[in-house]
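Since the structure of chain A is already known, use the hints to place chain B on it.
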Amino acid sequence: MSVHRVMGIETEYGISIPRHPTINPTVSSSRIVNAYARHVVPTGQRPGGWDYALESPLRDARGYDMSRAEADPSQLTDDPAMANVVLTNGSRLYVDHAHPELSTPEVTNPRDAVLWDRAGVEIMRIAMALVAKEPESHPIVLYKNNTDNKGASYGCHENYLMDRRTPFAEIVRHLTPFFITRQVFTGAGRLGIGQDGRRLAYQLSQRADFFEVEVGLETTLKRPIINTRDEPHADPERYRRLHVIVGDANMSDTATYLKMGTTSLVLALLEAGALNDLDLWPQNPVREMHQVSHDTQLSHLVTLADGRRMTALDIQREFHARATDFCVDPDAQTRDVLDKWSTIIDDLDRDPAVCADRIDWVAKRTLIDGFRHRESLDWSSPRLQLIDLQYSDLRPDKGLAAKLEQRGRLARMFDDVTVTDAITSAPTDTRAYFRGECIRRFPESVAAASWDSLVFDLPGREALLRVPMIDPLRGTHEHVHGLLEGSADAEALVGSLMRDSR
Amino acid sequence: MAQRETSEHRRGRQVEETEEPTTASTAAPSDLDADVDAILDEIDDVLEENAEDFVKSFVQKGGQ
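Residue numbers (numbering that gives the first Met the number 0), protein chains in the order written: chain A, 0 to 501; chain B, 0 to 63.
Quick caveat, the hints were computed from the structure, so don't treat them as lab data. Certain hints may be false.
Said to hold, decoys possible - Short, incomplete list of chain A residues facing chain B, as computed with Cβ under 10 Å:
#: 1; residue: I14
#: 2; residue: S15
#: 3; residue: H96
#: 4; residue: Y142
#: 5; residue: T146
#: 6; residue: T219
#: 7; residue: K221
#: 8; residue: F370
#: 9; residue: S375
#: 10; residue: D377
#: 11; residue: W378
#: 12; residue: P381
#: 13; residue: Q384
These numbers come from a predicted model, not from an experiment. Using N, Cα and C, we set each Cβ at its ideal position, and we do this for glycine too.
The shape of chain B in the complex, shown without the other chains:
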């Protein structure tokens, strides 16, 4: 939950990019893994069903 509030907070202001790598690289490895795991869980939830058909049906005409 705290995690969520932090990211909500970040969204609401001008973000200094240089803060991000520091945040990421100074976190303890276990925290980092847990965070990555949480992201993978969230992404798992939003990934389209039936990946194979979805990817196959994404056919584009060439552009510039």
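Okay, chain A solo, but in the shape it has when bound:
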């Protein structure tokens, strides 16, 4: 049992043009995407070059059966809402619901999820700088947060591939108390209570107040704690993709690492049936989710269905204890997640203030409290609201989390060289490697891409050629590097693939 599994993070960024609030955010978002797309030219990807073809061959053991592409290039449009580009690092940059969004490539472990999430932030920073250089343009500012504090929320979703055999009812039963209580370390902090932030008090999570139901398919209204979207982008008979929408977008690497690592471990426990006798179901999950978030003392007692009352930290301890018991002879990263998980629980229990270097809600609160006391500000002071917002500002010279990192007050997991490499390089141990390398090596020949396919446009061929990639763990460096090295062009690569698949 370990933290390793196929996973990824999708982040919708807040977007604004200071002093020009009426400019259409969908148009601004497409400017961000298109500026970056032009920056990484040459590319053969059509505007909106995402392969939406519904047809996926599902029973291909090798993952390389060929099929004629369904999409005709003329059907693809210039609609700003369709701005989309797939990058050499395997990620997808596009416009979704009036926000620029970056989905990381598929990775196999929490540490890599942090690295490519971080690379995504840098990609957004580059795009902001490119737009700022365009003549007669208003600079666009991006925020890695989840609410405007006026009633709107946008998400940072996690995806985990998991065993299809695990009963969904069990997933709901155990993940609900886990999600409600993991906010103590995943919360990014928010000044304002309620969806419109009307009540002026500080809470742990940006997202909590936007959750209204326990289970459901929605993501934009009546948001559920457990989202039932199930589109695995992999063999659906073997896998489910768990789409987690409750999380905050984190600036802190440690918070993202713990969020992905601990969730992956709880899923491993579920898959192993190791939680069957654990019953932590809260009497009122939605209300408890809000109350845990509203309690910065971390002393709120969650009332369970069986009448027991436990703090969020106690509930996290239960999950941690199970994970420790079941991870026999853990690998290094699993050991590290287990250690950091127990350390953060203990530190939060002792004094949350000591977690300011690792946990966003604590780091942000330290700044807000510091200003409040030093300048005797009232909770209603707009300057305090501004600190909440500007914490997640991506501009390196304006963002407060960025300032804390520059001062060594917010811990980083990777140095600049490593992050810079991940901006252009894909993880080597998933199909993201094949996707990214094809786009890097044969940019003019890749007409479109998706998580589980690549569409090639080859000279002399009238139809586009679609290469399905249904297995997330095929197309790795080990698997295709030789093939790529031996292919002078896309034509040769496709030729080899077709020969192999016969």
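Coordinates of chain B only, in the frame set by chain A:
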């Protein structure tokens, strides 16, 4: 100045997160206060002018 060099140095390598709390919690309280004060000063310098308008004009469309 020494402070600045330390953080520059930290940025240039793989950071072990576990070092950070130790650094923070073992510093003498007065050093810590001075450090927090320095951070607040720096943040004061970068905070947007006219906070009220800036916060008001940050209006987003809902997303997922």
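Q: Run the structure past the numbered hints and jot down the numbers of the failing ones, going up.
A: Numbers 7, 9, 10, 11 - these are the hints that the structure violates, sorted from lowest upward.
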